[in-house]
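Chemist: The primary structure of each chain is shown beneath.
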Amino acid sequence: MAMGRARKEFITSERERLLEEVPIVDEECNRDFIKAIIEMGGGDVQVCLQCGNCTGVCPVSLKTENKIRNIIKMCQMGLKEKVLSTPWVCATCHRCYEHCPAGMNPAELIVALRHIVVRELGPPPFVVSISNNVANLGQAVEISDEILNLRKKIGLNEKPFDERYRSKAIMDLKTIMKATGYDKLIGIDLGD
Amino acid sequence: MNLQTGAKVGVFICKCGANINSVVDCENVKSYASQLPGVTLSICNDYLCSPDGLMQMREEIRKSNITSVVVAACTPRICEKIFRDNIEKAGLNRNMLHVANIREQCSWVHANEPFKATEKAKNLVKMGVSRAKTLVPAEGVDVELKQEVLVIGGGVAGVEAAYKLAELGFKVHLVEKKPMLGGNMATMFTCLLWCHEAPGKPQSLNFRFGTFPACDCSGCTIMPKLNDVITHPNINILLLSEVKEIIGHVGNFKVKVLKKPRFVDEKKCVGCGNCAVVCPVVKKNEYDYGLSERKAIFMPYQQAIPRKYVIDKEACLRLNGQECSACVEACEFEAPNFEDREQEINLEVGAIIVATGFEPYKPRIHGYLGYHEYDNVITIMELERMLDKAGPTGGIVIRPSDGKIPKKIAFIQCVGSRNRKINAGYCSKVCCMYTMKNAQAIKEVHPDTDITVYYIDIRAVGKGVEEFFHRTREDYGVEYTRGRPARIIEDKETKNLIVRAEETLLNKITERMYDLVVLSVSLVPSEGTQELASMLRLRTSPDGFIQEAHTRMKPVETSMEGIFVCGCAQGPKDVPESMAQARAAALEVAVLLSKKVAKAESLNAFIETDKCIGCGLCVDICPYGAPTPVLTESGVKMKITEALCKGCGTCVVSCPAKAIHARQFTDDQIFSEIKAALEAE
Ligand code: SF4
Ligand code: SF4
Ligand code: SF4
Ligand code: SF4
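Residue numbers (numbering that gives the first Met the number 0), protein chains in the order written: chain F, 0 to 191; chain X, 0 to 680.
Honestly, the hints are just simulated from the structure, not real lab data. Please note: incorrect hints may appear among the correct ones.
[Claimed, not checked] Derived lysine to any residue pairs resembling SDA-like cross-links, with alpha carbons at most 20 Å apart:
| no. | chain 1 | residue 1 | chain 2 | residue 2 |
| --- | --- | --- | --- | --- |
| 1 | X | 657 | X | 615 |
| 2 | X | 307 | X | 318 |
| 3 | X | 420 | F | 93 |
| 4 | X | 553 | X | 535 |
| 5 | X | 420 | F | 45 |
| 6 | X | 507 | F | 88 |
| 7 | X | 420 | F | 104 |
| 8 | F | 72 | X | 418 |
| 9 | X | 507 | F | 43 |
| 10 | X | 420 | F | 43 |
| 11 | F | 62 | X | 510 |
| 12 | F | 62 | X | 507 |
| 13 | X | 224 | X | 573 |
| 14 | X | 598 | X | 141 |
| 15 | F | 62 | X | 509 |
| 16 | F | 62 | X | 506 |
| 17 | F | 62 | X | 511 |
| 18 | X | 507 | F | 86 |
Bear in mind that the values here come from a model prediction, so they are computed numbers and not experimental data.
Could you put the whole structure together from the sequences, leaning on the hints where they help?
Modeler: Take a look at the structure:
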């Protein structure tokens with residue numbers, strides 16, 4: 000918001016309209032959320048001292064509004080809805096874990112949150128498409144036609160891998176996905 | 000079963016206000032107890048351990064000719080002694096008591112199930128009554144108390160305790176590992192006197208900077224005390240000494256002390272330092288954390304007490320087979336003495352005070368704060384030495400990399416503490432304040448320095464300390480930023496340091512440049528604490544400090560009778576608290592020893608000599624060294640020294656001949672309880 004405008008509106012005593020920040024109220028604080036996180040392997044968020052060391056080492060936090068420490072704070076307060084609807088990104092590099100003096104593992108917390116989201120709100124579309132790729136192609140990203148054509152043009156094998164080993168690996172992957180119920184959880188069809 | 004004939008058991012149930020009665024139905028327990036066989040009397044009281052409760056108990060015992068007593072109350076750890084004393088006053092033998100714990104074991108743990116808690120309380124009382132009938136009178140043993148005391152550690156706490164006891168007339172042996180007294184406190188010489196002479200103007204004439212919050216020079220304040228101690232006729236000071244072995248028990252500990260050679264005659268040396276001038280060997284001075292150099296013959300720091308030189312055995316040429324007698328020639332008083340040898344000193348003392356103190360945490364070699372890699376990252380102790388006018392830098396703060404005066408300084412809090420990763424989850428308690436003190440001191444010496452403190456939480460409690468924190472920020476303009484730094488990066492050329500941290504209150508990552516970074520390191524137990532604790536059979540808490548017997552009620556006692564603890568050996572604390580604890584420990588020792596003879600509770604085990612086959616298993620297994628072999632007419636048999644035995648029962652179960660019995664837990668007594676527990680209603 001441009002400063003000028005904000006000031007003007009403020010002066011014209013439309014103060015209420017400017018207060019975008021809504022106070023957090025008791026109803027939003029669901030302390031059972033802490034237990035759910037522990038059950039999913041995220042550890043006890045109550046050990047966090049809010050010292051900020053994890054944010055300082057996190058390669059992602061510099062680029063996101065909600066730092067990893069903020070996510071932990073929200074979890075401590077049990078702000079389930081807020082956490083689940085907040086954009087958070089984590090590279091699972093575990094740097095935060097190496098540095099945390101309290102013995103918290105924020106990376107594992109994020110994994111636990113992913114579990115909770117997938118179960119309660121369903122998987123995000125990109126997860127479904129990536130899972131589909133892995134199950135059917137054996138890799139997360141499909142090789143583009145452009146690359147395949149280029150390979151052909153310069154005289155390479157059309158596919159950069161050996162189809163025989165690959166189909167065996169895909170079969171194994173599908174077996175694992177079925178056995179663990181991953182296919183049902185994410186909602187992908189693995190055929191028979 | 001070995002029953003007292005015609006035992007008359009009195010059951011006394013304590014309601015402990017609502018503490019027991021709100022869960023356990025005490026009246027119900029009372030009427031249940033009254034019909035148990037052998038019970039003559041069963042009564043409830045609101046607070047049995049109150050003067051009224053105790054008086055009622057004594058009256059009832061006398062009136063009804065009670066022979067043994069069951070008290071149903073809180074844990075025997077708290078109340079047993081009180082009730083033993085009380086039944087003794089009522090004319091019973093103090094051994095005729097059983098305590099059933101219906102608070103910790105009933106009302107507290109089963110608070111949600113009052114019915115079951117009451118049933119359990121009834122059962123515990125029933126078992127107690129059954130055991131009470133098997134109790135036999137026993138007398139404690141008399142222990143003669145030696146009127147000498149051993150104090151281990153010559154820091155502020157040890158020195159204070161030693162001094163107070165010596166003043167009371169006890170002979171005190173003060174053992175210190177280092178060549179001088181005063182410990183860590185005596186190395187902090189930051190005071191107003193030199194502020195005037197140092198570059199920059201002092202902002203206030205009323206400030207001294209030794210230890211917070213009064214900030215008078217700690218070295219100067221401890222010095223008079225040290226002088227009193229070294230001249231006290233009742234104190235035997237053993238420097239460069241370590242305790243090697245302790246056996247015995249309260250009243251009579253036999254101690255072996257190893258005194259290392261100083262190679263300088265303490266009686267002859269006047270501390271002139273002529274020797275050090277000529278000594279050709281140059282080493283880094285560990286007492287200045289490597290900031291200065293010293294010779295092979297040296298004084299740890301200028302104000303060391305006693306002012307006696309010492310020769311470093313490893314560094315001295317002569318002691319390593321080379322030709323050199325420079326110091327001998329330079330010394331007018333013939334003090335250097337290369338014939339000095341290690342001595343073993345044997346002491347016999349009645350009580351021991353452990354005051355081994357702390358040492359500053361040493362940052363890890365591969366620590367992320369770069370202490371070992373970057374010249375300009377130092378610890379608080381190095382800063383303390385710099386701020387000493389007689390110290391390595393003459394009282395000014397410099398950057399080790401180039402000797403320049405830093406303009407921007409960062410302090411980093413909680414280095415080595417509040418860190419579960421390195422098994423140090425505890426707060427060191429004093430670091431917030433010593434940082435404030437040193438930040439103020441720097442501003443006094445170099446007023447145009449910018450100082451930033453990186454902290455997680457500020458813990459400024461205690462008299463005058465919050466105000467001290469405000470002064471640091473308001474009067475001295477020290478900036479506080481909340482966040483534990485993530486990384487320190489050194490600029491290779493300038494040797495400046497970039498500190499990256501989240502300013503958690505702003506939700507922003509910051510990267511700021513400093514000339515000098517000071518790590519506010521924690522207090523860790525001094526080296527050898529663990530070994531000493533196991534030698535003395537003391538418990539240590541998970542943080543490695545010595546565990547007191549009871550946090551609130553027995554703060555300077557330890558798990559071993561006759562051994563006390565004070566100062567930072569027990570946990571991080573500041574000087575006033577160390578002083579208070581030292582005096583408390585001295586008082587406890589005085590109270591103990593002034594009795595001259597002590598009666599030990601008859602809690603011990605004894606050996607039926609006829610049954611003993613002399614296998615010696617009990618000797619090996621006893622954690623307190625109580626059983627010893629004695630030669631009798633029928634061969635070697637074991638005997639238990641009752642004053643040493645704690646009645647733990649370990650030997651009892653290990654004895655293959657079933658020759659050992661614990662007086663308070665004979666088979667009869669235990670089986671009587673078990674039978675009562677299993678009996679159908
Ligand atoms: S694991 Fe995730 S939260 Fe932790 S530092 Fe790496 S990216 Fe950041
Ligand atoms: S580093 Fe650990 S204690 Fe500090 S904010 Fe992150 S999770 Fe919490
Ligand atoms: S004899 Fe040893 S202490 Fe004395 S001057 Fe020579 S090297 Fe130094
Ligand atoms: S009861 Fe324990 S302390 Fe006593 S002699 Fe046996 S093992 Fe040692």
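Chemist: Each hint needs a verdict: does it hold in this structure or not?
Modeler: Hints versus structure:
1. X:657 - X:615: Holds, at roughly 13 Å.
2. X:307 - X:318: Holds, at roughly 19 Å.
3. X:420 - F:93: 15 Å, holds
4. X:553 - X:535: It holds: about 18 Å lies between the C-alpha atoms, which stays within 20 Å.
5. X:420 - F:45: Distance ~16 Å between residue 420 of chain X and residue 45 of chain F Cα, so the pair holds.
6. X:507 - F:88: 17 Å, holds
7. X:420 - F:104: Holds, at roughly 12 Å.
8. F:72 - X:418: 19 Å, holds
9. X:507 - F:43: 25 Å, violated
10. X:420 - F:43: 16 Å, holds
11. F:62 - X:510: Holds, at about 15 Å.
12. F:62 - X:507: 11 Å, holds
13. X:224 - X:573: With a Cα-Cα distance of about 17 Å, the restraint between residue 224 of chain X and residue 573 of chain X holds, given a limit of 20 Å.
14. X:598 - X:141: 5 Å, holds
15. F:62 - X:509: Given pair residue 62 of chain F, residue 509 of chain X holds - Cα atoms ~13 Å apart, limit 20 Å.
16. F:62 - X:506: With a Cα-Cα distance of about 12 Å, the restraint between residue 62 of chain F and residue 506 of chain X holds, given a limit of 20 Å.
17. F:62 - X:511: It holds: about 19 Å lies between the C-alpha atoms, which stays within 20 Å.
18. X:507 - F:86: Holds. Residue 507 of chain X to residue 86 of chain F sits at ~17 Å (cutoff 20 Å).
Violated hint: 9 only; the structure is consistent with all others.
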